[in-house]
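S.K.: For the record, the sequence lines run as chains A and B. Taking my numbering, the leading residue of the first sequence gets 1, the next gets one more, and so forth. Taking my numbering, the leading residue of the second sequence gets 1, the next gets one more, and so forth.
Think of the hints as simulated: they come from the structure by calculation, not from any bench. Any given hint could turn out to be false.
Because identical chains cannot be distinguished in the list, a pair is counted as satisfied if it fits within a single copy or across any two copies.
[To be verified] Cross-link-like lysine-lysine pairs, in silico, DSS-like; alpha carbons within 30 Å at most:
id : residue 1 : residue 2
1  : Lys293    : Lys265
2  : Lys219    : Lys447
3  : Lys291    : Lys35
4  : Lys157    : Lys293
5  : Lys84     : Lys491
6  : Lys35     : Lys491
7  : Lys280    : Lys2
8  : Lys447    : Lys119
9  : Lys247    : Lys265
10 : Lys265    : Lys191
11 : Lys447    : Lys293
12 : Lys377    : Lys124
13 : Lys280    : Lys491
14 : Lys180    : Lys373
15 : Lys119    : Lys293
16 : Lys246    : Lys293
17 : Lys447    : Lys280
18 : Lys246    : Lys84
19 : Lys54     : Lys196
20 : Lys35     : Lys191
21 : Lys442    : Lys491
22 : Lys265    : Lys291
23 : Lys84     : Lys119
There are 2 protein chains.
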Amino acid sequence: MKFHLEASLRLSADAKAAEAALSDFFGKAGPILQKGAPDGQGARVSSWKLAGSKIDLVIDSDRYVRAHDALLRLRRPLSELLGKQYRIGVRGMDITRFDIEVDSDRAIEHRIPYVQEIKFEGGKLKIALDVGPQGTLGQSEIENRIPDRIISLLEDKLQSYGGKTEHWELLWESAAREPKFNRDPTEEMQKAGWIKHGSSRGQWIYGPQATHVFRTFEKIVLEEIIGPLGYREMIFPKLDTWDVWKKSGHAQGVYPEIYFVCPPKTRDPAFWEEVMDYYKITHEVPLELVKEKIDLPIGGMCYAQCPTFWGFLQGTTLPSDELPIAVFDRSGTSHRYESGGIHGIERVDEFHRIEIVWLGTREQVIAEAEKLKACYKHIFEDILELTWRTAWVTPWFMAQEGKTGLSEMTGAGTVDYEAVLPYNGNWIEFQNLSVNGEKYPKGFTVKAQSGEALWSGCSGVGLERWASAFLSQKGLDPSNWPEEFRRRCGKMPRGIRIL
Amino acid sequence: MKFHLEASLRLSADAKAAEAALSDFFGKAGPILQKGAPDGQGARVSSWKLAGSKIDLVIDSDRYVRAHDALLRLRRPLSELLGKQYRIGVRGMDITRFDIEVDSDRAIEHRIPYVQEIKFEGGKLKIALDVGPQGTLGQSEIENRIPDRIISLLEDKLQSYGGKTEHWELLWESAAREPKFNRDPTEEMQKAGWIKHGSSRGQWIYGPQATHVFRTFEKIVLEEIIGPLGYREMIFPKLDTWDVWKKSGHAQGVYPEIYFVCPPKTRDPAFWEEVMDYYKITHEVPLELVKEKIDLPIGGMCYAQCPTFWGFLQGTTLPSDELPIAVFDRSGTSHRYESGGIHGIERVDEFHRIEIVWLGTREQVIAEAEKLKACYKHIFEDILELTWRTAWVTPWFMAQEGKTGLSEMTGAGTVDYEAVLPYNGNWIEFQNLSVNGEKYPKGFTVKAQSGEALWSGCSGVGLERWASAFLSQKGLDPSNWPEEFRRRCGKMPRGIRIL
């Protein structure tokens, strides 16, 4: 990675008198420009010139001291030199050229903010930043470290296209239990009238029997986890605004899977009269006209379930004796625009999840995760009697945001729970549990009275996934279900009969 | 209302030989064109002319026999006359002019399908339909009664702007109970840390205490209604597509209050890379760019809660002994783009509702409504001890769709439940119950084995509204709550303390 920066420092007066002192300063600037870099690396002033009341500078550098950092490093000692001895102030800086060159195996075709041009030549991306009098990147963007964000972006992007593999490490595996069933539970539930397709993609309508199975899972979670571990129920909102996703980190990359939400531009019925009239006459909704009349997206339907919880604590400081805090939500649906094809209830666009969230000190959060894992093991082993396993995997936020290997994250991570589907031999991820480190408390500015770092964790119990795991191994006939599950399930409700 | 229609009937051959017979036919066509109209009213053929192999017609009419109906009425006897005696067929018809004139106190400025021009002159709308060789309205649109849809639209529209008043008729009123509280419960809950604003408009995050009150309401509904009346739980989808709203009738007018949902045009990450890069560098979401990358709206977030249920029964026939069917759903949120301003939890954009749905014969549905009303009365009188009243009001579907006074709807309608808010003296609608007649079974093509008409009803228990009614009359201090409520509520959970 190479940087080439051309900039001028604007002075409050002609600095002719200081020319010798400046020559001396730039001659000895090496240590400033190489501090922190490996031997022989860093930035250098390739040329400088005093032109009346400005100093023109050319700085070349490698990745270890980036050229714009070098410029910022020079500003203060130069100001001191000129101010003390010559009563001349450094008024500001103008950037006239800023080029970055980085190794790459591909071109970038789309626009990037603050970038004027990207060429791909000889295995390198040659990037000209949008500087100069008409440019978008000037002194304040340099001071706000915009070039660093561009460089991080390039690093993440070029690395992630190298085909980073997901981490997966087996932690524990149950005994292989003899399956009671070997068919696709979605097909069987459809035949039995337990579920029907909804009118949207990846959406199901659950009849009385399927709903009762879901509610039995919920009852198990309440009796085996929520009650004994003392979780308190809350109601988290189900429409997530950009503001929430900015703080949770989802705004970095969640777009391809979101069901976006747009409000009407106004709720004045007269504004919508043309749409209503069109519909009443043609019996078709004029979609292009509707699109004109809706506003920019304000966010999307609930994707992850816990981000909206954090608004409850946003900007607060928590008393030490209030920690750890443990809450859960089961108040609505989550929606993801999943890849196409037929997946039955194993992969759906609209799903139902009990979301468990806890926060406290690092030790408290890690200890709470262990308690939850013990509860899950008991449920999957002794109540659902599944063939299942659990593995340490790349956490979602690391996969999405590239936060690997931060030392402050030691102890954070995600555990997946997987169950085998006897009808096709695949393992389905039916549950997970994440320790998210400081991510959320930092993102939503929640602090501990003690000053200690706050950590948090979350774990989603996806009812469709539990049903996929359980019903594919045990089938739809209650007489094949484990005794402990049957006891909690009680009498199955009648289904709705049709002719 | 006046109609003026100019059209030609295309014949399979020159009809010169039939000219006298045609003259005789049109001379005696009066009864055909006036049948069903009051004396002296109806349509008339103002002129006709045989021009080789076509017959040019001018028809003028009033509202009693609309000109296009008159044209259709003439076709068959003319075909018989020409076919039997002259072996000439009527091949089709071309519309060259179709004008409608209707009294109005306002102009219509927007486009209406199949309409070429609308002028407003002298208290009348003068409408020229889009006919002729390049026009959108021809024979098949006449046969499909498009002009009738336009006329219905005009009638509804011109009537509804006359300021139709909502019907409201008191059915029953409780004794006025001494309020235990006279402050705004939303403000008090905020002060007590029970709730916080969500990040979206009209959205709240409910802490442990508020959630526990909601769950106590739910428990009351389960114990006093769902259990005793034998309702079965189902899970209704929470993303409503246009297809559902076409069948439920909401597509006619619900647009101003919808949170519209748009999926991404594709879930290919490369397609979204520019958006992600923009965000990572600027920390702002590029909303205009996102809007380009999302697809047309596929529908919206759940508005009414029962329409998506009907997909479960769509196109089926129900055995007589399966009726009545009684189900409920409590699986997620509803969202309405409400009018602005501050309403606290009394009027919210995101709310939580237990939706109760029943269907059967007319008698069964009306009888079930009475049972529900008795349960509600018991709850509001003996458990919540509210000051409340109930009134017969204009049903939502009549208000929205103008289906007033249909004889087949006798017995259908909506009952509102209202409670007084002591802090401002207003009455809040906190509950309703509707008998919807044949509306939904017809819309979703659900039939009864017996051939009898199927009716349905629905009733939404809005938890925010119940909380508004209850907490504004009883306050937040459990010691002021009625004994029967306290017993079901049990111990209130601790709230989350902040510094």
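S.K.: When Cα atoms must be at most 30 Å apart, do Lys157 and Lys293 count as within-copy, between-copy, both, or neither?
M.R.: between (36 Å within a copy, 21 Å between copies)
S.K.: For Lys377 and Lys124, with the copy left unspecified, which applies at a CA distance of at most 30 Å: within, between, both, or neither?
M.R.: For Lys377 and Lys124, the Cα distance exceeds 30 Å both inside one copy (51 Å) and across copies (76 Å).
S.K.: Check Lys291 against Lys35 for me: Cα-Cα at most 30 Å, and say if that holds within a copy, between copies, both or neither.
M.R.: neither (55 Å within a copy, 46 Å between copies)
S.K.: Which holds for Lys35 with Lys191 at a C-alpha limit of 30 Å: within a copy, between copies, both or neither?
M.R.: Close neither inside one copy (71 Å) nor across copies (53 Å); limit 30 Å.
S.K.: With 30 Å as the alpha-carbon cut-off, assign the pair Lys35 and Lys491 to within, between, both or neither.
M.R.: neither (74 Å within a copy, 63 Å between copies)
S.K.: I want to check one pair: Lys447 and Lys119. Are their C-alpha atoms no more than 30 Å apart within a copy, between two copies, both, or neither?
M.R.: Answer is neither; intra-copy 45 Å and inter-copy 66 Å both fail.
S.K.: State whether the alpha carbon distance between Lys219 and Lys447 is at most 30 Å within one copy, between copies, both, or neither.
M.R.: neither (33 Å within a copy, 36 Å between copies)
S.K.: How do Lys265 and Lys291 come out at 30 Å by Cα distance, when the copy is not named: within, between, both, or neither?
M.R.: Both: 10 Å inside a chain and 14 Å across chains, each within 30 Å.
S.K.: When Cα atoms must be at most 30 Å apart, do Lys442 and Lys491 count as within-copy, between-copy, both, or neither?
M.R.: neither (47 Å within a copy, 34 Å between copies)
S.K.: Given identical chains, is Lys247 near Lys265, meaning Cα to Cα at most 30 Å, within a copy, between copies, both, or neither?
M.R.: both (26 Å within a copy, 25 Å between copies)
S.K.: Measure nothing new, just compare the shortest in-copy and cross-copy C-alpha distances for Lys265 and Lys191 to 30 Å and report within, between, both or neither.
M.R.: neither (44 Å within a copy, 33 Å between copies)
S.K.: First find the shortest C-alpha distance between Lys280 and Lys491 inside one copy, then the shortest across copies, and answer within, between, both or neither for a cut-off of 30 Å.
M.R.: The answer is neither: 47 Å in one copy and 53 Å across copies each exceed 30 Å.
Against the hints set out earlier in the document, violations occur for numbers 2, 3, 5, 6, 8, 10, 11, 12, 13, 18, 19, 20, 21, 23.
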